[in-house]
Every structure is written in C-alpha cells, then in structure tokens.
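J.: Quick note, the sequences are listed as chains Z and C, same order. This note's numbering applies: residue 1 is where the first sequence begins, and numbers increase by one. This note's numbering applies: residue 1 is where the second sequence begins, and numbers increase by one.
None of these hints come from the bench; they were simulated from the model. Fair warning: this is a prediction, and the values are worked out from it, not measured in the lab. Even glycine gets a Cβ: it sits at the ideal position worked out from N, Cα and C. Errors might be hidden in some of the hints.
Partial list, computed: chain Z residues near chain C (C-beta under 10 angstroms) [what the hints assert, rightly or not]:
(1) Asn55
(2) Glu64
(3) Gly364
(4) Phe407
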Amino acid sequence: MALDVARVRKDFPVLQRHINGKPLVYLDSANTSQKPHAVIDAMTNFLQSGYAPINRSAYTLAAEATDLFEGARSSVARFINAPHDHEIVFTRNATEAINLIAYSWGRANLNKGDVVVLTHMEHHANIVPWHMLVQELGIEIRWVPLTADGQLDLSNIDSLLTGAKLFAFTAMSNVLGTITPVAELCAKAHQHGALALVDGCQSVPHMPTDVASIGADFLTFSSHKMCGPSGIGVLWAHEKLLDAMPPFIGGGNMISDVRLDGFTCAELPYKFEAGTPPITEAIGLGAAVNYLNGIGMHNVREHERTIAKAALHSLTERFGDDIVIHGSQDVDVRGATISFAFRDVHPHDVSQVLDQHNVCVRAGHHCAKPLMRLLGANATVRASFYLYNDESEVQALCDALADTGDFFTL
Amino acid sequence: MPGLEDLYREIILDHYKNPRNRGELAPPAVSAEGHNPLCGDEIQVYLLVENGTVSDVRIAGQGCSISQSSASMMSAAVKGKSVDDVRKLVSRFKHMMSIEEGDSEPDTSVNLGDLEALQGVVKFPVRIKCATLAWNTLLEALEGAHA
Chain Z
1 MALDVARVRK DFPVLQRHIN GKPLVYLDSA NTSQKPHAVI DAMTNFLQSG YAPINRSAYT
61 LAAEATDLFE GARSSVARFI NAPHDHEIVF TRNATEAINL IAYSWGRANL NKGDVVVLTH
121 MEHHANIVPW HMLVQELGIE IRWVPLTADG QLDLSNIDSL LTGAKLFAFT AMSNVLGTIT
181 PVAELCAKAH QHGALALVDG CQSVPHMPTD VASIGADFLT FSSHKMCGPS GIGVLWAHEK
241 LLDAMPPFIG GGNMISDVRL DGFTCAELPY KFEAGTPPIT EAIGLGAAVN YLNGIGMHNV
301 REHERTIAKA ALHSLTERFG DDIVIHGSQD VDVRGATISF AFRDVHPHDV SQVLDQHNVC
361 VRAGHHCAKP LMRLLGANAT VRASFYLYND ESEVQALCDA LADTGDFFTL
Chain C
1 MPGLEDLYRE IILDHYKNPR NRGELAPPAV SAEGHNPLCG DEIQVYLLVE NGTVSDVRIA
61 GQGCSISQSS ASMMSAAVKG KSVDDVRKLV SRFKHMMSIE EGDSEPDTSV NLGDLEALQG
121 VVKFPVRIKC ATLAWNTLLE ALEGAHA
C-alpha cells in the first residue's frame with residue numbers, strides 16, 4: 001500500500017505549526033528530520049513513568065528500562081537485517097560511529113603507507129577521521145572522482161582499490177542526493193581485499209537497508225535523520241570484526257573486570273558503549289524504527305522518488321536557465337535531496353528570502369567542502385524532502401524562489 | 001517579524017552589485033583570510049599601511065550579499081584613515097552589531113556613515129556573522145601590519 005502523505009503529516013505535530021500565519025514548509029530533513037508522535041510519546045512515557053538505569057540494577061523499574069533499551073537495539077538490528085542484535089553499537093551519532101572505526105579498527109590495522117579509499121562526495125565525517133590517521137600514522141587516502149552528473153566515476157576503481165585496506169563511501173550524497181551502487185562497491189572492495197565501510201546516514205532513513213545483501217563490513221547512521229531523537233547514532237559491523245577490534249572509549253559498562261593491573265573488556269556490544277548510554281534516546285530510536293516499519297521503507301523510497309521527480313520537474317520548468325540543479329536528474333539514482341544554484345543569488349540570501357515564506361532549506365557547504373570545490377561553489381541551496389513532504393510544498397518552494405529574484409536581480 | 005527590506009537596504013544591494021576596492025595587493029601590503037564556517041564564505045583583506053595610515057585596501061573572495069556589501073562598505077570607510085581611527089571604527093561597528101565585548105558605551109564621535117544601513121542585520125541574528133566577517137579579517141590583517 002502506498003504512502004498516504006496526508007495521514008503521515010498528521011503524525012508529525014510540528015507540521016501543524018504556523019509561523020507568522022504561514023504553514024511550516026520543512027525541507028531540511030537531510031539535515032535533521034522531524035519527529036512523529038510515536039517517538040515523542042515513547043520518550044515522554046519512559047521519562048514520566050519508566051526511567052531507570054539499565055543493565056546494572058535488580059529492581060523492577062531498572063529491569064523494565066533494560067528491556068526497553070535492549071528492545072530498541074533489536075528493532076534497529078531487524079531494521080537493517082543485521083544477523084545479531086549485539087552487532088548494533090549505539091554511539092552519539094554517525095560521526096562518532098565513523099570515528100570509532102577510525103580510532104579502533106584504524107589504529108589496530110593501518111600502518112604507514114596503507115591505503116584508505118574515499119569518494120569526492122563524502123561528508124566531512126567520513127573524511128576528517130581519515131585525515132587524522134594520515135597525520136598520525138602516515139596512511140594514504142585515494143579519492144574516487146565523480147562524473148559530470150554527480151555519480152561516482154568507477155572507470156578507474158580497480159587501480160584505486162589495488163592494495164587498499166578500506167573503502168569508505170556514502171550510500172547517498174548529502175549534497176547531490178546521488179545514490180551509490182552500494183552492493184557493487186562492497187563487492188569491489190572485497191575483490192581487492194579491502195573492507196567496506198558504508199556511510200548510511202542519508203540512505204538508511206530513506207530506503208530499505210539490508211546489510212546481509214549489500215555485503216558491507218561496517219554501516220553507520222544517525223537516529224535524528226530518521227525520525228528519532230538526536231544524541232544517538234549506530235555502528236553496525238560483523239561480530240567477528242567487532243570482536244577483533246580494541247575498545248574505543250574506556251570506562252564503566254564496557255568492562256567485565258577491572259584490576260589494579262588492567263581490565264578485561266565486556267562482551268559485545270557493551271565493549272564499545274562506555275558510560276551511561278543515551279537510554280531515552282535509544283528508546284526513541286526504537287520507536288522511530290517501528291514507526292518507519294509501519295509505513296514501510298519501500299513506500300518511503302517510492303514517495304520520495306515521486307516527490308523528487310515533481311520537484312526536479314517544477315524547478316526546471318518554472319526557472320529554466322535561472323536554476324542549476326547539481327547532480328543527476330534521474331530519480332532512479334538519486335534521492336529527494338536537491339542542491340541548486342539560483343541565478344547569481346548567494347545561497348544564504350536565497351534561504352533568507354525563503355524563510356520569509358516559512359520555507360526551511362539549508363544554505364551552505366553541507367559539511368562537504370571537497371565536493372563544493374568540485375562544483376565550483378562555496379555554497380548551495382539544498383531542499384531535502386522526506387516522507388512527510390507533499391507536492392504542495394514543492395509549489396511553496398517554487399513560489400518562494402520566484403520572490404527571490406525581485407530582490408537580487410543584478 | 002522584520003521584513004526583508006530591513007535587511008536588504010538599497011545601499012547594501014548597491015555595494016553588493018558594485019563592490020568597491022575589489023582585488024588584491026602585492027607585498028609590502030599585508031593580508032588576512034577569513035572564513036565563515038556556517039556558510040563557507042571566504043574573504044581576503046589586503047591592507048597597505050604606510051606611516052600609520054591605511055593608504056590602500058582591497059577585498060577578494062566570495063560570499064553572500066551581506067558579507068560582500070559589508071566588506072565593500074568597510075573598504076571605502078577605512079581607506080585613508082589612520083590605524084587608530086580604523087580600530088575605533090571597527091569597535092563602533094561591532095557595537096552596532098551588538099557584539100562588542102564589555103558594556104562600554106559606543107564611541108559616538110565615530111561616524112558610521114553608510115555603514116548605518118547594516119544596522120538592520122541585528123534583527124537577523126544568523127546574519128551577524130556575515131556582516132562581521134570582513135571586519136574580523138581586517139583586524140587580523142592589521143595585526144599582520146604591526147608584526
């Protein structure tokens with residue numbers, strides 16, 4: 001059954017809000033998503049009547065909290081078809097998840113001269129941790145270039161991956177919306193003896209994810225972009241990999257024993273979850289995953305394909321040469337995240353005018369400065385749609401953009 | 001809600017569309033580069049300081065209308081002024097942007113001239129960083145001139 005957007009919109013209380021008499025047109029979900037009642041209620045109920053520590057106290061309230069927390073982990077594991085619940089490591093966000101890999105797996109497995117392959121459209125979160133290892137260990141980074149329409153240029157992939165230890169790439173660009181051929185890239189990495197790290201921050205919220213079938217070794221994503229709360233992210237990796245990795249942050253909860261002369265790590269996933277975890281946030285993420293399952297991730301993807309098509313069509317038809325849309329126009333290889341340049345108006349000024357119409361977009365470099373340099377821009381306007389956006393909001397975006405021209409005609 | 005006309009005053013748009021003192025200066029001029037991490041804007045300020053006076057100034061880089069017009073107006077305002085007067089102007093400007101530290105009274109003897117047009121930016125707090133980017137970069141360049 002297809003997604004009923006009018007019904008979905010009712011699930012998100014913030015979408016009922018008006019500012020200065022105008023409805024909210026929220027087109028910044030690639031940045032962070034809005035939250036449905038299901039998530040708000042799950043977190044509120046827990047805080048109001050179930051809050052307790054987890055995994056360390058015997059009383060009923062704590063046992064219930066532990067069940068809720070671990071239940072959320074199970075929900076997340078099923079959501080990405082992970083073989084085991086204990087392969088789901090809760091982190092602070094996707095950025096921390098990638099840093100965990102770089103810090104723990106990277107320091108244990110990479111040496112001077114070892115190669116990590118990235119792409120030109122990575123988020124800073126999947127660039128800077130590796131730059132840090134260049135500085136610290138002397139590893140080498142190689143870059144997969146892009147084609148003119150914002151796809152990965154794989155013509156040289158075999159020579160780039162030769163001798164590489166890790167291929168770390170985004171499943172969907174946070175700037176261009178480009179969806180990468182994840183399974184093919186993972187297979188390529190393995191063919192060359194490299195591990196595959198999939199940054200799923202932009203893909204997991206928007207389409208079905210099956211770690212078993214894509215063949216990834218690591219997958220990272222964030223709760224707040226998929227209707228869950230901020231403050232929690234996820235690292236998934238194969239049990240064998242996680243077991244072999246040294247711990248990242250040390251402290252309580254991640255040990256099975258501490259002595260004067262050392263410590264013994266706890267079992268997975270606690271080995272990587274030092275300190276009190278974001279308990280309420282995990283429960284919120286679990287509720288978000290259940291909510292998205294209720295809608296169906298295939299339906300989310302189909303809805304976004306439709307709305308991306310409508311947005312690309314309307315923007316092009318209405319503004320013609322006045323608008324330059326970055327990336328592919330083919331909705332089979334892109335999501336509903338659309339970056340563009342509008343006339344010669346600076347993106348910051350565009351977003352200011354759009355704000356007068358209560359249209360929320362992101363203007364900036366989107367934490368992807370290497371990609372921005374490639375596009376020859378220091379910023380773009382980015383409108384990003386999600387399951388709760390409808391076609392009237394595409395229209396609202398176009399109407400607000402038309403207003404931009406009046407102010408800045410050079 | 002403040003309207004767009006509070007922000008995009010005519011003189012601001014004029015400086016945006018026709019920026020003054022664009023370009024670069026070769027040494028012995030000094031330069032500094034400023035970044036607005038929020039939006040990726042970059043600006044370079046080139047200063048030629050001779051006998052305690054800013055005898056020439058050039059602005060390079062790219063950015064939004066507010067950062068570019070602020071830089072353009074700043075260049076026009078500081079050219080030919082003594083370094084002391086330039087510092088007073090920076091302080092007065094930052095006062096107007098409500099970000100001068102401490103609670104000292106603004107030095108009203110300093111005439112802001114066209115720069116007053118940027119006062120509306122204060123109603124759009126997110127844009128204050130755009131307006132002050134050039135000014136902070138100017139201060140950095142001045143430090144270079146003294147080194």
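J.: With 10 angstroms as the cut and Cβ atoms as the points, is glutamate 64 of chain Z at the interface with chain C?
T.: 43 angstroms, violated
J.: Classify the hint on asparagine 55 of chain Z as holds or violated, based on whether any CB of chain C lies nearer than 10 angstroms to its CB.
T.: At 39 angstroms from the nearest chain C Cβ, asparagine 55 of chain Z fails the 10 angstroms test, so the hint is violated.
J.: Should the interface hint for glycine 364 of chain Z be scored as holding, given a Cβ-Cβ cut-off of 10 angstroms against chain C?
T.: Cβ of glycine 364 of chain Z sits 5 angstroms from chain C, so the hint holds.
J.: Hey, does the phenylalanine 407 of chain Z contact hint survive, CB to chain C under 10 angstroms?
T.: 6 angstroms, holds
Of the hints listed earlier, those the structure fails to meet are numbers 1, 2, in rising order.
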